[in-house]
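Peer 1: Just so you know, the protein sequences line up as chains A and B, in that order. Taking numbering that gives the first Met the number 0, the leading residue of the first sequence gets 0, the next gets one more, and so forth. Taking numbering that gives the first Met the number 0, the leading residue of the second sequence gets 0, the next gets one more, and so forth.
To be clear, the hints were calculated from the coordinates, so they are not data collected in a lab. Virtual Cβ for every residue (Gly too), placed ideally from N, Cα, C. One should not assume that every hint holds.
To be verified - To give a feel for the contact side, a few chain B residues facing chain A, derived at Cβ under 7 Å:
1) V71
2) S72
3) S75
4) R90
5) L94
6) I97
7) A100
8) S104
9) P105
As the list claims (entries may be wrong) - Quick list of simulated restraints, FRET-style, between CB atoms:
10) B:S99 x A:E146: 18 to 28 Å
11) B:S99 x A:E445: 19 to 29 Å
12) A:I102 x B:L59: 57 to 67 Å
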Amino acid sequence: MTATISHTRLRFLFAFFTVVSLLLSARLAYWQTVGRADLLSRATDQVHSDLVVAAQRGVIRDRNGAILATTVELRSLYAIPGLMTDRDGHDQKPAVAAALAPILGERPEVLRAAFDSGAEWLFVRRRLPEETAVRIAALPLAGLGFEMEPKRLYPNGSVGAQVLGFVNDDGVGQYGVEGRYAAELSGTPGRLVVARDPANRELALGLRTAVPAKNGDDLSLTIDLAVQNAVERELAAVVEREKAAGGAIVVLDPKDGAVLAIASSPTYDPARVGSADAEALRNRAISWTYEPGSTMKPITIAAALDKGAVTPTTSYQDVGYAVIGGRKLCNAQCKVYGPTTITQILARSQNAGAVFVASKLGASDLNAYLHAFGFGQRTAVDLSAETTGIVRPLAEWYPVDLGTISFGQGLSVTPLQLATAYAAIANGGNLYRPYVVASRRDADGEHRTAPVVVRRVISEETSATLVTMLTTTVDNGIANAASLKGYSVAGKTGTAQIPSDDGSYVDDAYISSFAGFVPAVDPRMVVVVVLEKPQSKLLGTVPAMNTFKAIATDALRYARVQPDRS
Amino acid sequence: MTFAQAVRAPQARRVPHRLHREAVAHHRGASRHAATRIRTSSWEIRSFLLASGVIVACFLVVLLYLAQATAVSAASYEAQRLAAQRDELRRQNALLVIESARLDSPARVETEAQRLGLVRAATIRVVVTEAAAATR
Numbered sequence: 000m001t002a003t004i005s006h007t008r009l010r011f012l013f014a015f016f017t018v019v020s021l022l023l024s025a026r027l028a029y030w031q032t033v034g035r036a037d038l039l040s041r042a043t044d045q046v047h048s049d050l051v052v053a054a055q056r057g058v059i060r061d062r063n064g065a066i067l068a069t070t071v072e073l074r075s076l077y078a079i080p081g082l083m084t085d086r087d088g089h090d091q092k093p094a095v096a097a098a099l100a101p102i103l104g105e106r107p108e109v110l111r112a113a114f115d116s117g118a119e120w121l122f123v124r125r126r127l128p129e130e131t132a133v134r135i136a137a138l139p140l141a142g143l144g145f146e147m148e149p150k151r152l153y154p155n156g157s158v159g160a161q162v163l164g165f166v167n168d169d170g171v172g173q174y175g176v177e178g179r180y181a182a183e184l185s186g187t188p189g190r191l192v193v194a195r196d197p198a199n200r201e202l203a204l205g206l207r208t209a210v211p212a213k214n215g216d217d218l219s220l221t222i223d224l225a226v227q228n229a230v231e232r233e234l235a236a237v238v239e240r241e242k243a244a245g246g247a248i249v250v251l252d253p254k255d256g257a258v259l260a261i262a263s264s265p266t267y268d269p270a271r272v273g274s275a276d277a278e279a280l281r282n283r284a285i286s287w288t289y290e291p292g293s294t295m296k297p298i299t300i301a302a303a304l305d306k307g308a309v310t311p312t313t314s315y316q317d318v319g320y321a322v323i324g325g326r327k328l329c330n331a332q333c334k335v336y337g338p339t340t341i342t343q344i345l346a347r348s349q350n351a352g353a354v355f356v357a358s359k360l361g362a363s364d365l366n367a368y369l370h371a372f373g374f375g376q377r378t379a380v381d382l383s384a385e386t387t388g389i390v391r392p393l394a395e396w397y398p399v400d401l402g403t404i405s406f407g408q409g410l411s412v413t414p415l416q417l418a419t420a421y422a423a424i425a426n427g428g429n430l431y432r433p434y435v436v437a438s439r440r441d442a443d444g445e446h447r448t449a450p451v452v453v454r455r456v457i458s459e460e461t462s463a464t465l466v467t468m469l470t471t472t473v474d475n476g477i478a479n480a481a482s483l484k485g486y487s488v489a490g491k492t493g494t495a496q497i498p499s500d501d502g503s504y505v506d507d508a509y510i511s512s513f514a515g516f517v518p519a520v521d522p523r524m525v526v527v528v529v530l531e532k533p534q535s536k537l538l539g540t541v542p543a544m545n546t547f548k549a550i551a552t553d554a555l556r557y558a559r560v561q562p563d564r565s
Numbered sequence: 000m001t002f003a004q005a006v007r008a009p010q011a012r013r014v015p016h017r018l019h020r021e022a023v024a025h026h027r028g029a030s031r032h033a034a035t036r037i038r039t040s041s042w043e044i045r046s047f048l049l050a051s052g053v054i055v056a057c058f059l060v061v062l063l064y065l066a067q068a069t070a071v072s073a074a075s076y077e078a079q080r081l082a083a084q085r086d087e088l089r090r091q092n093a094l095l096v097i098e099s100a101r102l103d104s105p106a107r108v109e110t111e112a113q114r115l116g117l118v119r120a121a122t123i124r125v126v127v128t129e130a131a132a133a134t135r
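Full structure from sequences and hints, please.
Peer 2: Here it is, written out as structure tokens:
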């Protein structure tokens, strides 16, 4: 009986273990086959981290190697409010807020409110200055930590801001070089897949797949920091003195179109873009247009000389005005000059004379030369947000437009367009594409930008004649205030009315400008100064010329340009 | 057979070995049986030693592997620590370079010069090299 019971029990036991073994085997087989991928994935997720390796944004330097913009990792302060307790579990949020507030320049209540917002994790302040981060790190505060974040820094403050642009919080370049060369500067992010231990350290024997990041290219600009600084200093001073609404200055190398400096007022500090006025973000040298006024007369005369319509000694009888298209166009203050040569038209800035020259040239040729000089189209400078200006199609010209456009009204230009046109006059007749990036350095080495001649606009002979006429304008004419001791200067003033929304002109407000180059022979720089609504009104060209002088004096001294006059 | 028995066995069998030589003359059958036993014992010892050797060798290999793996891990952690230190030093260097650029900024130099009471030179005398050479 006992043996029988024993055998039965044994059989049950055997059957039980057999079934359990089969079930376990089946389960094991399941996890080893069907469920393997899921298990592997879950196990992998626990130890593997898949990170995007950020590429280092390229450095921007001036033509002499001075750093204009670079990126560095700064510490961002984050908080985990749930961990802000002492050893006994008492709430430490008020103490943490009180300790941080004076360092961050924030009120404790604001920090306390952030800690009590219910967020499990929050940034207290991003991209802290290093000294601030060091002070906070030294405090024994619970629930705080640092995370590295890249920050674009501009060591020269607002100097060059309009050329450089800025980088927003998402790391995307905006405006200027940062915007135009966003792709080249930003590089390509890499990827790093590694196994990590519970302390978040890489396991040496674990999985490691790395695709290295490709850092952004470094750019060297044609901008000269010293000249840029002088230009911005003088622009800020004249805008303040003249209580002007704004202004712009462009300095070009006429030999190849390299931009030496660009300034625009109002401007901004790239480190405080968030608080900048929208108007301050606009680079008036390329994104703003104005009627150039008399600075266009050399263009009209260059076209007529090049076409053979007039010579420097061609004369006409000035009666103080010209009638064209049934409209009477006067000289400034309707002054009568009598017999006048073409050279004198420039030296005295006679509107009637410009109309005379334009009439000799004809609308079709004037329109063609305006386009040849690059007006009404982008210069293709390598900066973002350039505008075209307006030169209406010939078919839309009224007869009077030939007259008004001859002295710079009825069309609009950018300061940069005017500078490139004057550069063509200065360099013997070639229109260069202005450029800001002199070279780009990537893993393959340095790639230099070759100057680009867009077209020949006027002959060398016409250019030489214009240079002489413009030099006379400065030496003995209306632009005498721009003359420099020791250097020959060629240039022309401009005073233009400002169009209003209703199609007429704004009363008693003007745009004053001066465009010139120095030395007149073998010129080193073209400078265009434009002031919007200076308080000197019709005499606004004088502060514009003074600004030109100050910039030219500084730049020539800095560049050690030998005087060409005793 | 225990390890102690196995170690003792060869010595323990020397006396029977001598007895065996004496008995050869008298009992050839017994001697054949004894020889078989000796061969069997010898094989067991060798097998045991071989197995023990393999086990010890495996143990040493595993120990070596673990030692190497531990050393690699430790070196890896050290490399990570050094890499982090290098990155931090590079970051500090970058901050210093920026600070240097800020201090070299013409705008800052001008402001500092004004603060020190320096003024811009009104005129600068220039010696034209060609003219100077012609007078010699």
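Peer 1: With reference to the structure, classify each hint as holding or not holding.
Peer 2: Hint-by-hint comparison with the structure:
Interface hint at V71 of chain B: satisfied, since its Cβ lies 5 Å from the closest Cβ of chain A, which is below the 7 Å cut-off. A cut of 7 Å between beta carbons decides the hint on S72 of chain B: the least distance to chain A is about 5 Å, and the hint holds. Checking S75 of chain B against chain A: minimum C-beta separation of about 3 Å stays under 7 Å; hint holds. Interface hint status for R90 of chain B: upheld, as the beta-carbon distance to the closest one in chain A is roughly 5 Å, under 7 Å.
Among the interface hints, the one on L94 of chain B holds; its C-beta lies about 6 Å from the nearest C-beta in chain A, closer than the 7 Å criterion. For I97 of chain B, the interface hint holds, since its Cβ comes within 7 Å of a Cβ in chain A; the closest pair sits about 5 Å apart. Hint status for A100 of chain B relative to chain A: holds, with the closest Cβ pair at about 4 Å, below 7 Å. Against a cut-off of 7 Å between C-beta atoms, the interface hint on S104 of chain B holds, since the closest Cβ of chain A lies about 5 Å away.
Look at P105 of chain B: its Cβ gets to within about 4 Å of chain A, closer than 7 Å, so that hint holds up. In this structure, S99 of chain B and E146 of chain A meet the distance hint of 18 to 28 Å, their C-beta atoms being roughly 27 Å apart. In this structure the hint that S99 of chain B and E445 of chain A lie 19 to 29 Å apart at CB holds, the actual value being about 23 Å. A hinted range of 57 to 67 Å holds for the C-beta pair I102 of chain A and L59 of chain B, which are about 58 Å apart.
In this structure, none of the earlier numbered hints is contradicted; all agree with it.
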